[in-house]
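Student: Here is how the chains run, residue by residue.
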Amino acid sequence: MRYIPNTPDDRSAMLRDIGVSSFEDLLTAIPKDLRYQKPLNIAPGKSEWEVRREMEAMALKNQNAMSTPCFMGAGCYDHFVPSAVNALASRSEYATAYTPYQPEVAQGTLQVIYEFQTMISELFAMPAANASLYDGGNALSEAVSMACAHTKRRRVVWTEAVNPAYRRVARTNNVAHGVTFDTAPCANGCQSNEDIAMLLSEDVAAVVLQYPNFYGVVDDLKKLIERIHTAGALAIVVSDPMAMGVLAPPGRFGADIVVGEGQSLGNFMSYGGPYLGLFACTMELVRLMPGRIVGVTKDLDRKRGFVLTLQTREQHIRRDKATSNVCTNQGLIATRATFYLSLVGPQGLRDIGNACGRRAAYLISKLRDVPGFGFPHSGPHFREFLLRVPGKAEEFFDHMAAHGVLAGVPLVRLGLADERGLLVALTETRTLEDMDLYVSLAQKYVAEGKR
Amino acid sequence: MKRNILALQSEMDMIFELSRNGRSGYQVPPTSDQLPEFEIPQELRRNAAPRLPEVSENTTVRHYVNLSTRNHHIDKDFYPLGSCTMKYNPKVNDEMSALPGFAGLNPWQTGATAQGAMQLMYELSDALLEVTGMDDITLQPAAGAQGEFAALLMFRAYHQKNGNPRKRIIIPDSAHGTNPASIILAGYAVTQLPSDSNGLMDTEALKRALDEDVAGLMITNPNTLGLFESNISKIIDLVHEAGGLVYMDGANLNALMGISRPGDMGFDACHMNLHKTFSTPHGGGGPGSGPVAIKEKLTRFLPVPVLTKTKAEFAWDWDRPDSIGSVHSFYGNFGMHVRALAYIKSMGGDGLRAISENAIINANYLRKKLSPAYQVFVDKPCMHEVVLSGNLQKQKGVRTTDIAKRLLDFGIHPPTVYFPLIVPECLMIEPTESESRETLDEFVEVMMQIDREASESPDLLKQAPYTTPVRRLDEAGAARNLNIRFYDDIR
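The listed protein sequences derive, respectively, from chains E and V. Each residue of the first sequence is one higher than the one before, starting from 1 at the first, in our numbering. Each residue of the second sequence is one higher than the one before, starting from 1001 at the first, in our numbering.
It should be emphasised that the hints constitute simulated quantities derived from the structure, not laboratory data. All figures in this text were calculated on a predicted structure; none of them were measured in a lab. We treat Cβ as the ideally placed atom computed from N, Cα and C, and that holds for glycine. Check each hint, because a few of them may be wrong.
[As the list claims (entries may be wrong)] Far from chain E, by Cβ distances over 10 Å, these chain V residues were calculated:
no. : residue
1   : Gln-1034
2   : Leu-1153
3   : Ile-1184
4   : Lys-1309
5   : Asn-1391
6   : Arg-1452
[As the list claims (entries may be wrong)] Here are the in silico distance ranges between beta carbons for each label pair:
no. : chain 1 : residue 1 : chain 2 : residue 2 : range
7   : V       : Gln-1192  : E       : Glu-226   : 41 to 51 Å
8   : E       : Met-1     : V       : Glu-1445  : 22 to 32 Å
9   : V       : Thr-1069  : E       : Asn-41    : 36 to 46 Å
10  : E       : Asp-418   : V       : Asp-1319  : 32 to 42 Å
[What the hints assert, rightly or not] List time: in silico BS3-like cross-link candidates among lysine-lysine, alpha-carbon distance up to 25 Å:
no. : chain 1 : residue 1 : chain 2 : residue 2
11  : E       : Lys-303   : V       : Lys-1462
12  : V       : Lys-1462  : E       : Lys-38
13  : V       : Lys-1091  : E       : Lys-61
14  : E       : Lys-38    : V       : Lys-1234
15  : V       : Lys-1309  : E       : Lys-61
16  : E       : Lys-32    : V       : Lys-1380
17  : V       : Lys-1207  : V       : Lys-1295
18  : E       : Lys-298   : V       : Lys-1462
19  : V       : Lys-1311  : E       : Lys-61
20  : V       : Lys-1167  : E       : Lys-152
21  : V       : Lys-1234  : E       : Lys-32
22  : V       : Lys-1167  : E       : Lys-321
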């Protein structure tokens, strides 16, 4: 029992001090028929060495991005994580503290979160950001709730180019309140005024756009948001923090709420979590914001300090009147993002953005020459593009995986009908060799007549 | 840095104040000259760069290491924050979650490329089902509150399937704040019932509240007073007879492992907090993980995708027409699943029971040792936490806040205070099994000294703490003059 200090002797002495003769005497409140009499059917405790060996055996069964070039994205990306992020985030001071309920002994966590909020609002050019939500899908879900609460409307329009996984979460979390959703088509993978306008009416609370969109296409937000505002709806933009070094931020185009997935900011892909829901909004909406917010204040000696603020929005104070039920959020993941952005800085973020864009452009140009491969979308792509492979995308994926390349995300895995569609992502960690290998394996796939 | 003779109390710069043009802590991997340029139209190009800090790697590290020393944390000292189960977080678990074969997995990997990850989630599911005595489970919820919400959506779907979603969910007045908030999000109204004089659910009041509009009951067991709901079988029967479903808030599961199982009590659903009972680090406020275990009658409503196992392989099943949908973009906080399974393997079935036994003994030891000076709200054997009232100290002119702040001067994190709401001047103490008898004795000594200080020099307590990086903070001022970002303008 390496994690339990008290020995049987300690226990006996403590039970004596408590004034009972056996441990069972402490359980008198539990009716006899509810006491579990058998041992739990879970294998006996193992040494650390054995535990490691079993866990490592399971890890080895997975083909992973650290040993295989990974071109998979669709909401989760293989960006490089600097060692300093890991070293800082593994400090017990950050990892083993809890929500800063006692601010006098949580200034480390609180100041980090304040810096995080500042960085996120800088990235998106939005005036207010919170301390994090669970993930991109939940951030979108909370944005929808906020827009409905603010406008007192219950219809939401989103485009086909908003990540279907996020849409599924937002729908699940909002249907109980009677919120309905309409989906605008995206001809050629672009979000357009024509497609949105058809669905706009006076009962629309918000329109959700993605920027860059789910297919990696960079749409012109300005006209879209202007059109949305003329209908009296709020503009919710699902955006990508990694693109904000090179792309004009959604705040500049008048977005009311910006949400996104922050996994790319110094966090591993980790099979889907823990991730980082980013949430930013205008000051007009700040009192409807979900989740924790850190603010600056003074202590008794007039010294600068940080506290959780606007807590009257929150469940532990307002209970059934709270703006959200969020309690534990993604503190350590936001902390990692803060370390990452501090290391990377404005120049690094620009460099990474350009590196992604250039790699996407290169792979597109090379695959154009391979017969049978097609590109349904044009326009500038940031980091990601939709590829139509010859035959089924799942079969192409298997072919590539067998040759040690994770080739992309078949759209059918997201429940989309396009059997030939493969979403291909390139981060700054994809080398020229990786990309050339991709092209040669694609050529081989065609040449071997598999298709 | 505004240095002070007491270095820890110096006002710290913000990272933005350390920024100097041209400095950087990062070098991007090279891009071959053969690659085309990234071409985007001028109007979509960013002109004004985001004002991220420009600092070297060493400045970043020093800044955040210095900031870290301003935190209390479980590896430093006692952290008896009630309802939060601040137990020791074994180091091997963090290392396991960082293995390339787990950390380097894209969630859209399925089939042959991710069998190990799915096996891990399957093994964890099995162990959690054994601990709870339930039939089926989802690991998807990212935190306890999300688990509550997901379960309530399953309740709604169940009733809907039977023709009527119903209107209300009942909670006791001792419930966690997330309960009523989750109920509202799930589209129900909240009916709150007063606890009886023993701090338990009042079965007579429950009977009166039950009708065909009641979709269910949410109850924490042991409850937030640290007491096992002795009438739980009767309570559950009453709700079931009225056609409702019963949910157990599993925040306090650390008291029950191998001792009593929610499934055997008759609950229809319960969540677990992996970051409490199963030792995954709290991270300064997450990430957590809040799996929900259910009875078979709710299986068809589980969130998609559902993990399945055939002879040949593990797979994700999306084809679930009655599913409530998804509450997470992927499968939940997988990194926490890895840690929790490593913990369960280390402890084993016998060890899990030992956890709960020791947690209960530690709480009762504190109850006994503190009772000479502090009022125990319900003076009976408690489960894993003991709830005190600061009423006696209040008579001396000292509030519970003052006791809590004074504890900080002794390097101890205060208990949860002013919750549950039904206890005046409440102190909710959860020592966990991680603490030795010596640590508990030290805590008792400190609490006794604070009680003496309350009699002899109450003003000393009202100004506490004195030794922390900052002193008491003006929280009202923070909300009044809202400052939540470093820069005044936006660009």
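Student: Taken at face value, is the distance from the CA of Lys-321 (chain E) to the CA of Lys-1167 (chain V) at most 25 Å?
Tutor: holds, 17 Å
Student: Is it correct that the beta-carbon of Arg-1452 (chain V) has no partner in chain E closer than or equal to 10 Å?
Tutor: At roughly 21 Å from the nearest Cβ of chain E, Arg-1452 (chain V) sits farther out than 10 Å, so the non-interface label holds.
Student: Evaluate the given range 22 to 32 Å for the C-beta pair formed by Met-1 (chain E) and Glu-1445 (chain V).
Tutor: Cβ of Met-1 (chain E) to Cβ of Glu-1445 (chain V): about 26 Å, so the range 22 to 32 Å holds.
Student: With a cut-off of 25 Å on the C-alpha distance, tell me whether Lys-298 (chain E) and Lys-1462 (chain V) pass.
Tutor: Given that 25 Å is the threshold and the Cα spacing comes to 17 Å, the pair holds.
Student: Hey, Lys-32 (chain E) versus Lys-1380 (chain V), does the alpha-carbon distance stay inside 25 Å?
Tutor: This hinted pair holds, its Cα atoms lying about 18 Å apart.
Student: For the pair we were handed, Lys-1309 (chain V) and Lys-61 (chain E), check the Cα-Cα distance against 25 Å.
Tutor: Within the cut-off at roughly 16 Å; holds.
Student: Between Lys-1167 (chain V) and Lys-152 (chain E), is the straight-line Cα distance small enough, at 25 Å or below?
Tutor: This hinted pair holds, its Cα atoms lying about 21 Å apart.
Student: Is Lys-1311 (chain V) close enough to Lys-61 (chain E), meaning Cα to Cα at most 25 Å?
Tutor: holds, 17 Å
Student: Lys-303 (chain E) and Lys-1462 (chain V): Cα distance at most 25 Å?
Tutor: holds, 18 Å
Student: Minimum Cβ separation between Ile-1184 (chain V) and chain E greater than 10 Å?
Tutor: violated, 5 Å
Student: If we take the beta carbon of Asn-1391 (chain V), is the closest beta carbon in chain E still more than 10 Å away?
Tutor: Fine: 22 Å to the nearest Cβ keeps Asn-1391 (chain V) off the interface.
Student: CA of Lys-38 (chain E) to CA of Lys-1234 (chain V), is that 25 Å or under?
Tutor: holds, 24 Å
Of the numbered hints stated above, those contradicted by the structure are hints 1, 2, 3, 10 and 12, listed in ascending order.
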